[in-house]
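Participant: Spelled out, the chains give:
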Amino acid sequence: MRVGISHKFIMGFIIVVASIVGFNMLVPLLGLEEYWWHQVFSVAGALLVGLILGTLFSRLFTSNIRILREAAERISSGDLSRSLHLPDTMFPDETYDLALSLNNVNDNLKSLVGAVRSSSGQVAIAAQGLSATAQEMTASSHELSNTVEQISRGAESQAETVETTSRLIKDMALNTELVVAAAGKVLEAVDLTVSTAQQGGETARRTMEGMKQILLNIEQSGEQVVSFGGELQKVGKIVEVINAVAQKTNLLALNATIEAARAGEYGRGFAVVAEEIRKLADSTAESAGEITQLIGKVQTNGLSVEKSLRASIEEMDEGEKAIDLTSTAFSAIIDTAVNAQRRAFSITELSNKQLEGAKYLVGAIDEISQVVSDNAAATQEGSAATEQQSASMEEMAHAAQDLTRYAESLIDKVKLFQLENSLSAD
Amino acid sequence: MGSTMDMSKYHDLFLTETGEHLRRMSRLTLALEKEPADRNGIDALFREAHSIKGMAASMGFDATARLAHHLEDLLAGFRDAGTVPAQGVDLLLSGVDLLEGLLADITAGVAERDVSILIAAPIEAAVAVAVSVEEDRSDSPIEPVTELLQRVQVVIDLTADALAPSARALLILNALGSAGQVEACKPTIAEIQQGFPVRQLSVWLKSHCSEEEISRTLHGMADIKQVSFQLDRRKSSLRDDDSRTVRVRTALFDQFINLTGELITNRYMLQSAARAGDWQEIKEGLSLLTRLVGDLHHHVLQVRMTPLESITANLPRLVRDHCRKTGKTVNLEISGEGLELDRTILEALSDPLVHMVRNAVDHAIEKQGTISIKAWREKDMAMIEIADDGRGIDPEMIRGKLVERGLLKESQAAELSKRKLLQWICHPGFSSRDTVSETSGRGVGMDVVKSALESLGGMLEIDSEVGVGTRFLLKAPLIVAIIKILLVECAGREVGLPITRVLRILDIEKKKIQLSGGEPLLLIDDEHVPLYSLNHLLWLPEQVEASSTVHLVICESQGSKIGLMVDRLSGQREAFIKALPSPLNRLQGVSGATIKGDGRILFIVDPNALFYDEKTFIEPEMEAG
Amino acid sequence: MKQVLIFRLGSEWFGLQISCIQEISEMPQLDYIPRAPVWLMGAMNFHGNIMPVLDLGAYLGIESLMTVTKVVVMPPGQEGIALGVTDVFRIVHYDPDDCLPCRHDTKQKKFIQHLYDYEGLVVNMFDISTLIEELKTI
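Which chain is which? The protein sequence lines are H, B and Z, in order.
Counting in our numbering, the first sequence tops out at residue 1374, every number present.
Counting in our numbering, the second sequence tops out at residue 744, every number present.
Counting in our numbering, the third sequence tops out at residue 140, every number present.
Please note that a few of the clues may not be correct.
Each computed DSBU-like pair below joins lysine-lysine, with the alpha-carbon atoms no more than 35 Å apart [unchecked claim]: (1) Z:LYS112 <-> H:LYS1227; (2) B:LYS631 <-> B:LYS537; (3) Z:LYS112 <-> H:LYS1255; (4) H:LYS1269 <-> H:LYS1160.
Honestly, the hints are just simulated from the structure, not real lab data.
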């Protein structure tokens, strides 16, 4: 139970007062009749009680204060390694609070110093690295500037070479143009040949077409004659059918006559009809026979027409063959000419392409030379910039070295704090 | 003319029915002979006579009606007496005979014969008449009805320079009329009367006179160049074709009408389907048509089915007459008469049956015995067994005769088994000799029996034990016509062989064929089977094709196996066999023909008959040797 | 008055009474008859009747290689045959007054009853019954 110092005083006071009162009541009990004795004893007892209590109290109090003072001294000396402990009591007071606060201060300081120490160490390491890097950079920056200088020298010689190339290529382009002109003339000549040949061929073809048309006409008439023959044959077939019908009818009429005879008197009329039918069949057969004869005659005539037609067709065929030969010769000529034409044309085309290529080459070389001179200028600029860069690099290296030094001093300073027992032992 | 046509329709019916009545009368009379006091029998007989009287009277056949009436009177008298005397039976039978004679006259279209003798005579005299009639009959017992008068064909050639040939022909006909009954002539009388220029006159004459007598009648007439006689082949055809009628049950007839109606409906259905081009409908119509035609065919065949009784009914009478003539006592037992067979088959069996029964009575049974006829059905075949308990046939005697006749060499005859020996009695070269028939105990004409049966697609089995009896088994198809045939090809021609004749079909390699005396042989089951080329037998060119295999059809002929080499076997089928018309029926070895579905004709060759012809062909040579 | 059918066998004309004819028809398809004599050309199906067709020219020995285009069918029944002939001409009425006598000295003449003059055409009147009788003996 927490009891404040003030409360403790009050308690002690009360206890003293109470003991005076108490003694006053108790002393009479001792049987002492003298009053004074009574007084003495009471005062003495009260004084005794007060003395004892006071001694006890102050002793306790001072010991605590001493401990606190010692702790505060330790902190100020930089020893943060120990925290303070007050003896345990039934009734803690404000000293205990103070001890608690001192412990807090100690802890906070301890962590702060730890942090400073670790970060300054890190800074020192970084600063060391930096300085090393800065030094390296300085070195390479020097190298760079050297190289750039070399480049700028090479660029100048390159520009010269490019110019020579450009001149040569332009000469070549000029020659190519001359070739193209010559090829064009060849082409013209070939074209003329081809068109002449084609005209000849066309004439031959037309002649042949005419011939063929005539032939076709003849063949058609021949076919007509033949198909007429076919039609006639069909008619012949029909006549055959008619003939067969007539024969069957005749047979039927005969059978009817027989049946009629079998029927006797009743069949008489029927027999007459049968006889009429037979006559009809006979005349039909007769007519059919005549038609057959006619067909035969027409067929004979048709055959001779067909024969003469075939002869003319054969003659025409001969003419056709001759024209065919001419036409074939012409087409051979045309083929050759066309071939030449194609070749000439392809030559022209190729030289044109060549010319174009040369022109393009010239342009390209021009561009190259431009790029090359630009390059040389840029390289010189680069060289200057590189030098500047290496200077600033050196500065940076110096700065880094400074930084390292600062960081190291910081570490030294932080080292004054003892954070842990082990550290203090160092 | 029309009225005669109508009458002729009833005429046929009259002939058929009267024939049936007469058959029944004959049977009933024979039954009365055994049981003279059978009242029911007398009554039934009376009814039959009454029916004949009625029909004959309505048709205008007076003599027949009168005779039937007379028999009625007789029967009425017997009925009153309660019994029929033995003489009465004879009298009744002679009456029936006379009625049959009258019927034959009516059938032949000649005037009815005189009946007054029988009618006028008292019973005693009538019996005498009856006996005399019987004497007549005994000359030709196979044809008791129609063979009373001889039928001859007289061919008279007139000289070319005859002045009036028509008039001369009429004169000749008149002259012949005095010698007998002119049944028909060619040219016909009507033709002659119309002035047909006759050069040759053929007359079918029914006469008691012999050929010489007829010749004599014509002798002395002018303008006659030559008179010749021919055996009348028209006899059977006249009877077969002209007077055959069929009686049909009304129910069956109704079925015919229904079927015809259905067929007409079917026709309309097919017509409309054909018009609409509806194939499905046409198919259905065709399948219906197939069924209907099948039904119709079945029913038509049914119409033709007739009980065996129709040909056995005459047998008791036949046996009785023969017993009377020969003085033997023979008991005839008939069973299974109800078996129905096709008419054609029955008609073809009729003569063989009569023949065999007659033979049994005449030759097999010595004094007294029993002949039994049994009929039954086995699958599609009718079995008719004719058995007697007579003396039997001695196979050794046959063997001896075979050698004696030169039909077989002694070595060949010695090899024959009893069964094969018995089959030889059916060989024409064997049994046609009368001397043999007497000694063998068997009559002539067994070859006729066998060939008749075989032409039907039937078979004849013979079994005999000396002293025990002889048994003939006739196997005949129930229905004519449909038999299975094997189709074979020879030199591109197709012919059919009846399957019943075929034992097996073989394809053998040519090199397996061996030769014996130039004749090819094949060893089958340890038996040497002689091979014949069917091409050769049918007078067709041999196939020159060099094939390594030969198609063989193994058949049984004369009780032994033979092989027929054919060019090709082209399948088998069921065929409706048609009997061949003259002159095709005289082609040796050709037993029938069938019309195939496509209308083509296929001839049936009986390998047996082909072979048989070969045998008879070589027979004279053997005799000469 | 009788009617006769005039038909041709090779180059000869024959006459046949139509009362012995059932029908005249085109040459039908013929089927093989086993063991038939050479003058039997084959069998025809005549309305369901099997009928042998006789090569009349060959039978009479007139012209064996003649072509047969028609058949003359006898009534089926007793002796149903059909006669193959080169061609049929027509049916004519027959006048017996125009008959000429014929000598029966050769085989073929046995079948000729007499000759008949039809409008200048000599027609051999054929005797079918003789043929039929002869066929019966074959």
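Participant: None of the hints should be skipped; say for each whether it holds.
Facilitator: Hint-by-hint comparison with the structure:
1. At roughly 34 Å between alpha-carbon atoms, LYS112 of chain Z and LYS1227 of chain H fall within 35 Å of each other, so this suggested pair holds.
2. Taking the CA atoms of LYS631 of chain B and LYS537 of chain B, the gap is near 31 Å; set against the 35 Å cutoff, the hint holds.
3. About 58 Å separates the Cα atoms of LYS112 of chain Z and LYS1255 of chain H, which puts this hinted pair outside 35 Å; it is violated.
4. Restraint check for LYS1269 of chain H and LYS1160 of chain H: the C-alpha separation of about 11 Å stays at or below 35 Å, so the hint holds.
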